[in-house]
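When the letters of the sequence shown are read in order and numbered with this note's numbering, they come out as residues 772 to 915.
Some clues are possibly wrong.
Claimed, not checked - Derived CB-CB ranges, DEER-like:
(1) THR773 / MET898: 28 to 38 Å
(2) ALA827 / ASN871: 18 to 28 Å
(3) ARG896 / LYS805: 14 to 24 Å
(4) SER882 / ALA787: 51 to 61 Å
(5) THR852 / ARG906: 17 to 27 Å
(6) THR834 / GLY876: 31 to 41 Å
(7) ASP808 / GLY876: 31 to 41 Å
(8) ALA846 / PRO802: 19 to 29 Å
(9) ALA800 / VAL853: 42 to 52 Å
(10) ARG828 / SER789: 14 to 24 Å
(11) ALA810 / ALA915: 15 to 25 Å
Read the hints as simulated data drawn from the structure, not as lab findings. Backbone N, C-alpha and C define an ideal beta-carbon position, used for all residues, glycine too.
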Amino acid sequence: MTTAELAEAVKTAVNAESFSVAFTATRVALPEFKLKDMATLHVTVVPREIEIGLQARGRNRHTMGVDVAVQQRLATVDNATVDALIALVEEVADYMTRKNLTSGGETAYWSDTEINPLYDSGHLREMRQFTSVIRLTYWEDRAA
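Please take these sequences and the hints and turn them into a complete structure.
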């Protein structure tokens, strides 16, 4: 599957689950939003990268990355509000960890989940916007 198909599969998987805070994830090519529109929770899925390496004779391993961004502009920055959003990020990350995804008859196998940093302190300080990015990595082998 392509990275775009993988990102769509991630979006579909996230939207199929119920989390502690309700949201509908979207997939966009260019994740740019106006700050005034960020008062509501945004969960955005974006294809990130692809790396192709040798797997075996006649086979290549495609390692693909997808970012899931969780963002919201806060009325006030306090521990309780930030902690609730961190908990949501961890909930989504836990849900997607070890989840293999299928699209068009092809399966991408989960490899790694990373949240580093846990949230962007610069966004929080300068714009009162919580921004966290979950990086999901999958792989699939393809004929060369």
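Given a hinted range of 14 to 24 Å, is it respected by the beta-carbon distance of ARG828 and SER789?
-> At 45 Å between Cβs, range violated.
Kindly confirm whether 19 to 29 Å is satisfied by the beta carbon distance between ALA846 and PRO802.
-> 23 Å, holds
Lying within 28 to 38 Å: is that true of the beta-carbon distance THR773 to MET898?
-> About 33 Å separates the Cβ atoms of THR773 and MET898, which means 28 to 38 Å holds.
Should the hint that THR834 and GLY876 are 31 to 41 Å apart at their CB atoms be regarded as holding?
-> 20 Å, violated
Cβ separation of ARG896 and LYS805, checked against the hinted range 14 to 24 Å | 19 Å, holds
Given a hinted range of 42 to 52 Å, is it respected by the beta-carbon distance of ALA800 and VAL853?
-> 29 Å, violated
When you take the CB atoms of ALA827 and ASN871, is the distance between them in 18 to 28 Å?
-> 20 Å, holds
Should the hint that ASP808 and GLY876 are 31 to 41 Å apart at their CB atoms be regarded as holding?
-> At roughly 37 Å between Cβ atoms, GLY876 and ASP808 fall inside 31 to 41 Å, so the hint holds.
Between THR852 and ARG906, does the C-beta distance stay in 17 to 27 Å?
-> Holds, at about 24 Å.
So does SER882 sit 51 to 61 Å from ALA787, Cβ to Cβ?
-> Since the Cβ atoms of SER882 and ALA787 sit about 21 Å apart, the hinted range of 51 to 61 Å is violated.
Just tell me: holds or violated, for the beta carbon distance of ALA810 and ALA915 against 15 to 25 Å?
-> 49 Å, violated
The earlier numbered hints that this structure contradicts are 4, 6, 9, 10, 11.
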